[in-house]
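Chemist: Taking the hints into account, I'd like the entire structure generated from these sequences.
First to last, the sequence lines map onto chains H and X. The working numbering applies: residue 1 is where the first sequence begins, and numbers increase by one. The working numbering applies: residue 195 is where the second sequence begins, and numbers increase by one.
Don't read these hints as lab results, they were simulated from the structure. Hints are not guaranteed to be accurate.
From chain H, some residues computed to sit far from chain X (all C-beta separations above 12 Å) [claimed, not checked]:
| hint | residue |
| --- | --- |
| 1 | D54 |
| 2 | K79 |
| 3 | E90 |
| 4 | R158 |
DMTMM-like mimics (lysine to aspartate or glutamate), calculated; alpha carbons at most 25 Å apart, straight line [what the hints assert, rightly or not]:
| hint | chain 1 | residue 1 | chain 2 | residue 2 |
| --- | --- | --- | --- | --- |
| 5 | X | K325 | H | D187 |
| 6 | X | K261 | X | E308 |
| 7 | H | K31 | H | E161 |
| 8 | X | K376 | X | D405 |
| 9 | X | K272 | H | E188 |
| 10 | X | K452 | H | E130 |
| 11 | H | K50 | X | E336 |
| 12 | X | K452 | H | E137 |
| 13 | X | K228 | X | D365 |
| 14 | H | K74 | H | D19 |
| 15 | H | K5 | H | E71 |
| 16 | X | K427 | H | E165 |
| 17 | X | K434 | H | E133 |
| 18 | X | K452 | H | E133 |
Don't be surprised by glycine CBs; every beta carbon is placed ideally from N, CA and C.
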Amino acid sequence: MASTKTCFVTVGATASFHDLVKGVLSPSFLKALQSHSYTDLIVQYGVDGKQTFDLAVKAAGSSGIQISGFELEKAGLGKYMRLAKGSGKEAQEGVVISHAGSGSILDALRQQIPIIVVPNATLLDNHQVELAEALAEQEYVVHGRLENLAKALEDAERLRERQKEWPPANSGVHRQAKAVGLRGILDEEMGFLD
Amino acid sequence: MAFLILTLLTTLLALLTTAAIYRFNVILTPTRNKPLRHGRRNPNEPTHLLVVLGSGGHTAEMLAMLKRSVTAPNAAEKLNWKDYSHRTYVINEGDDISKERVVEFEELAVGTAEDLMAGKVKKATDIGPGKYEIVTVPRAREIHQSLYTSPMSSIACLQACRDILMKHTTDTRDGHAGEAGKVDFPDLILCNGPATATVLVFASVLLRFFDVRGCSTRGKMRTIYVESWARVKSLSLSGKLLCRVVDRFLVQWPQLAKEAVGRVEYRGVLV
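Modeler: Shown next as structure tokens:
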């Protein structure tokens, strides 16, 4: 049996993101998925996204991709991330497409899965775009644009080879310090002398 | 006659204002006194960490940051969770997801904590995993709520925050310490930006202003604010309000450290 390759899409737990749901179910994107041998598409469509999802799935008709979706997952998205990560022979490593929320991004980076980050421009000040750009510049993520998700998919394939580690080793700042990172700060504020 | 009274009142007001400004200056300097500690995990000196969580990303970032610290492979970076014998988590009313995440995190963190060992034998004074509690406050501001109506909802939140901060207190002895073995005001308040955190920090400042139950004398409630990892080019509103108020203000992008004012520090990415 051919190995599976999963693309997991998440719009986050707090706000809706209809444009992304529509974008990943558009015929052009589904075709792009097929060309990169994806077999499954799982969409977490979020609060009041069900209608958008159902309509788009119907419009998409039949593609070679197994499509499924859900609204929210209280227990966290770990298991879907693991599906996207794949487990070797039967399941190839896929991709995560996420809104540019820090929690979702951190989850995917930790698991070392290529991630396409799409800012949700309807949120306050379009604040998500800053993080997406900064991380794409440092080549941790692919900054996906709604108008051309197929291209983002291609970029993600290339990113797969150069996947960077997370968290980054502390960049020389206070390397000689006895205590670094958050622990260093907490220790200093507590006044622990040892 | 009336003029005299008016003059006196104005002078009084001016004096009070000056005194208040002076007191705030004293309270809000990061170099204010820290308590004298006799070793870590000392059963006579319980430590109290208060963590503020908010909706979605705030909770995710805070717990990711703490998780990274307690599981760090590098010994200099690893946070020993037993250093904090009492933990209080503040969440918004109705935020069940955050509650679950806290329970998950605590299970993990307690599992990573190391015992005090003399050789391979556990020391008799080793304290256990300590206790934690999850408390709720009414929201200071709903998502999409107008900033003009926020002050009203913040008052209810402020009172709830004051109650939480006053939940555990002791008396002062030796001029700088609390009673032995009793949990006291939080030693540290750790937050990363939800409106609730801003209100809580202001509540703690008010308590310290009046030195309620000796919290200022004992050097309690040091505040640490970590700006969200999502803020790359500019501070959030909470950040702008708190950057001159908290004891430590951390950002996670170097470009932000150059832009912003106040006591902004960049110590690398923390999440």
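Chemist: All the hints need checking, so say for each whether the structure fits it.
Modeler: Do the hints match the structure? See the list:
The Cβ of D54(H) lies farther than 12 Å from every Cβ of chain X, with a closest approach of about 25 Å, so its non-interface assignment holds. At roughly 14 Å, the least C-beta separation between K79(H) and chain X is larger than 12 Å, which holds for a residue marked as non-interface. Every Cβ of chain X is farther than 12 Å from the Cβ of E90(H); the closest lies at roughly 29 Å, confirming the non-interface assignment. The non-interface label for R158(H) is consistent with chain X: the shortest C-beta to C-beta separation is roughly 24 Å, beyond 12 Å.
Proximity of K325(X) to D187(H) is assessed by CA-CA distance (about 20 Å); at most 25 Å being required, the pair is judged to hold. The suggested pairing of K261(X) with E308(X) holds, with an alpha-carbon distance near 15 Å, which does not exceed 25 Å. A distance of roughly 23 Å separates the Cα atoms of K31(H) and E161(H); the hinted pair therefore holds under the 25 Å criterion. Proximity of K376(X) to D405(X) is assessed by CA-CA distance (about 19 Å); at most 25 Å being required, the pair is judged to hold.
Taking the CA atoms of K272(X) and E188(H), the gap is near 14 Å; set against the 25 Å cutoff, the hint holds. Between the alpha carbons of K452(X) and E130(H) the distance comes to roughly 16 Å, so the proposed pair stays at or under 25 Å and holds. About 24 Å separates the Cα atoms of K50(H) and E336(X), which keeps this hinted pair within 25 Å; it holds. A distance of roughly 19 Å separates the Cα atoms of K452(X) and E137(H); the hinted pair therefore holds under the 25 Å criterion.
About 17 Å separates the Cα atoms of K228(X) and D365(X), which keeps this hinted pair within 25 Å; it holds. For the suggested pair K74(H) and D19(H), the alpha carbons sit about 23 Å apart, so the restraint of at most 25 Å is met. Simply put, K5(H) and E71(H) have alpha-carbon atoms about 22 Å apart, close enough for the 25 Å limit, and the pair holds. Taken as a hint, the K427(X) and E165(H) pair is honoured in the structure, with Cα atoms around 24 Å apart against an allowance of 25 Å.
In summary, the hint linking K434(X) to E133(H) is supported, as the alpha carbons are separated by about 23 Å, within the 25 Å threshold. For the proposed pair K452(X) and E133(H), the alpha carbon gap of about 18 Å is at most 25 Å, so the pair holds.
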